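J.: Spelled out from the first residue to the last, the chains are:
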Amino acid sequence: MAPALAWLTGLMVVPCALVLALAFFRRGIYGGIEYTFTLENFGLVFDPLYAGIFLNSARIAGTATLIAVVIGYAAAYAIAAAPRRLQPVFLFFAVLPFWSNYLIRTYAWIVLLNREGLITQLLRWFGYTGEPPSMLYTEGAVIAGLVYNYLPFVILACYAPLSRLNPELAEASRDLGASAMTTFRRVILPLTVPGIAAGAVFVFVLSIGNFVTPALLGGGRFQMIGNLVYDQFLTANDWPFGAALAMALIAIMLLVLTAQALAADRAAGRIAEAKGGADG
Amino acid sequence: MAERSPATRRTLWLVLSLVFAFLYIPIAVLVALSFNQGGLPTVWSGFSLKWYASLAGNAAILSAALNTLIVALVSTAIATLLGTLLAIGVEMRRQYGRGLEALIFAPMIIPDIVLAIALLSFFSLLDFTLGLHTIILAHVVFNLAFVCSVVRARLKSFDWSIVEASADLGASAITTFRRVTLPVILPAVVAGALLAFTLSVDEFIIAFFTSGAGRASTTLPMQIYSMIRFGITPEINALATIVMAVSITALTLSQRLNRGVIGQ
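Chains as they are written, first to last, in full-length UniProt numbering: chain X, 1 to 280; chain G, 1 to 264.
FYI, nobody ran anything at the bench for these hints, they're computed from the structure.
Be careful, since some hints might not be right.
Unchecked claim - Here are some chain X residues the structure puts well away from chain G; computed CB gaps all over 10 angstroms:
#1 F37
#2 G52
#3 V229
#4 R266
Stated by the list, open to error - Sample of chain G residues lacking proximity to chain X, with all beta carbon distances greater than 12 angstroms (derived):
#5 A59
#6 L69
#7 K156
#8 W160
#9 A165
#10 I174
#11 P183
#12 G214
#13 T241
#14 I248
#15 S254
Said to hold, decoys possible - To give an idea of the chain X side of the interface with chain G (calculated C-beta under 8 angstroms), a few residues:
#16 C16
#17 L18
#18 I79
#19 V111
#20 W125
#21 Y128
#22 F184
#23 L216
#24 G226
#25 L249
Just so we're clear, the structure is a prediction, and the values are computed from it rather than from any experiment.
We put the CB at the ideal spot given by N, CA and C, even for glycine.
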């Protein structure tokens with residue numbers, strides 16, 4: 001195991017530590033790095049111009065997360081309610097697209113949304129004669145691409161607790177006079193929060209740092225943190241600032257993961273409490 | 001779950017159909033158009049295989065495909081060896097710290113772009129020439145983590161007393177590994193290798209940052225990315241269809257060998 005650990009240390013830990021260190025240096029006059037300690041890169045992260053991009057990213061990632069969770073939960077619920085022998089098949093086909101290349105899945109949306117794409121042609125077929133609607137290179141396209149790419153994981157994450165749900169709980173709730181809606185809201189939903197949280201965190205974290213989807217489906221018009229990091233490293237040649245941005249990205253990620261862990265703990269507590277109550 | 005009214009059941013089937021339509025229509029359109037005769041990328045004008053033929057004559061794509069294959073094969077071989085040994089080492093000790101656990105899981109969790117820029121900064125600080133070899137070094141990092149986790153899942157149910165028995169009967173550590181441990185974990189090792197191979201074939205961001213300038217070390221996803229940025233052509237549709245078919249086949253095989261590990 002020593003060579004593997006050496007590999008991980010040499011090519012992951014050290015490089016990541018280097019990025020952290022880079023963030024505290026100054027950018028040289030002609031690009032490059034000037035080795036004087038500074039905190040201004042982190043200050044720049046909070047500059048209104050860049051803070052705006054952070055908020056923009058958070059909004060886009062948040063919207064994608066919300067939509068993916070709603071669709072993914074509904075799908076997982078429907079799969080969990082399907083006949084037992086069909087469930088693995090449905091699950092397999094729900095995850096299958098996820099196994100193909102990310103770029104290709106994103107590209108499929110360009111094919112679908114472009115001016116002469118399927119949607120435009122369907123509209124024509126239904127008698128629409130006006131200008132083709134502009135769907136590509138919009139924020140909506142970016143969100144659709146993110147939802148599409150990460151939906152399978154949400155389905156998987158939500159299916160796990162839904163399939164383990166004890167059907168007697170729902171029955172008991174109904175016997176006690178609760179409506180289907182109340183049963184869902186007060187029994188099923190709380191018990192499946194950990195799955196929802198895991199799926200949501202996955203979508204949010206991967207979306208907020210993404211640069212491929214905004215670059216391809218947003219036509220470069222919608223900058224997200226990932227695009228900013230990309231630009232600083234490959235275009236602007238300001239590595240210290242790029243490094244600070246990457247660290248901010250990691251900080252957001254850790255924050256979200258911690259929140260999820262807390263939510264999971266609380267949910268576990270509530271589940272234990274419910275079980276204790278049932279026993280007593 | 002409890003029995004449902006016909007209306008509820010209909011709603012559930014409707015939800016499922018809509019979700020599957022959402023998941024498969026974009027891919028289906030892409031695949032269908034790859035067999036389209038016309039030059040227009042989105043208007044159907046008859047069946048044809050000519051875009052697949054034109055791929056076979058495209059030197060840039062062929063060289064990118066070869067690069068991808070080299071990177072994937074070499075990084076998979078290294079990662080499978082190291083990842084398997086790591087998994088055995090970790091599982092045999094039982095006692096391992098959270099630090100070690102974090103080190104092994106980190107490559108799967110760190111955002112690609114962060115690992116990509118970290119490796120770029122690192123290689124350029126060391127004045128390392130970028131090229132296929134740096135992509136390979138980088139791909140081993142995350143492949144290793146995936147192989148290790150697949151093999152570890154298999155080792156969780158491994159009976160270590162048979163290793164002791166083998167040693168008691170006078171087998172050397174290497175003989176024991178070859179004749180006792182390896183046969184038991186082999187399906188997981190192959191599954192891990194297939195997973196690593198697919199991840200490596202599909203990986204874009206890290207390769208993009210660690211490949212350096214110039215076409216010599218362009219991989220297939222990098223080639224696809226630049227083609228997409230130029231606009232859509234039936235040729236990309238054909239290429240995308242082939243790449244998709246390869247990854248889905250490899251991963252389905254991997255999944256069969258090692259049930260359910262990928263999804264977790």
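J.: Please go over all the hints and tell whether each is borne out by the structure.
T.: Outcome of the hint check:
1. F37: Holds: least Cβ distance 17 angstroms, greater than 10 angstroms.
2. G52: Given that every Cβ of chain G is farther than 10 angstroms from that of G52(X), nearest at about 20 angstroms, it holds.
3. V229: violated, 6 angstroms
4. R266: With a cut-off of 10 angstroms, R266(X) remains clear of chain G, as the shortest Cβ separation is near 22 angstroms.
5. A59: holds, 21 angstroms
6. L69: holds, 15 angstroms
7. K156: Since the minimum Cβ distance to chain X is about 17 angstroms, K156(G) lies beyond 12 angstroms and the statement holds.
8. W160: Fine: 16 angstroms to the nearest Cβ keeps W160(G) off the interface.
9. A165: At about 23 angstroms from chain X, A165(G) clears the 12 angstroms cut-off, so the statement holds.
10. I174: Non-interface label on I174(G) holds, nearest chain X Cβ at 16 angstroms vs cutoff 12 angstroms.
11. P183: For P183(G), whose nearest Cβ neighbour in chain X is about 21 angstroms away, the distance exceeds 12 angstroms, so it holds.
12. G214: holds, 14 angstroms
13. T241: violated, 9 angstroms
14. I248: Not fine: 5 angstroms to the nearest Cβ puts I248(G) too close to chain X.
15. S254: Violated, because the least Cβ-Cβ distance between S254(G) and chain X comes to about 9 angstroms, which does not exceed 12 angstroms.
16. C16: holds, 5 angstroms
17. L18: Interface hint status for L18(X): holds (5 angstroms vs cutoff 8 angstroms).
18. I79: Given a least distance of 7 angstroms, the restraint on I79(X) holds.
19. V111: Hint on V111(X): holds, closest Cβ of chain G at ~5 angstroms, below 8 angstroms.
20. W125: violated, 12 angstroms
21. Y128: The hint is violated - Y128(X) has no Cβ within 8 angstroms of chain G, the shortest such distance being about 16 angstroms.
22. F184: F184(X) check fails; min Cβ-Cβ to chain G is 11 angstroms, beyond 8 angstroms.
23. L216: Status holds, d = 6 angstroms.
24. G226: holds, 5 angstroms
25. L249: With a closest approach of 6 angstroms, the L249(X) hint holds.
In summary, the numbered hints that this structure violates are 3, 13, 14, 15, 20, 21 and 22.
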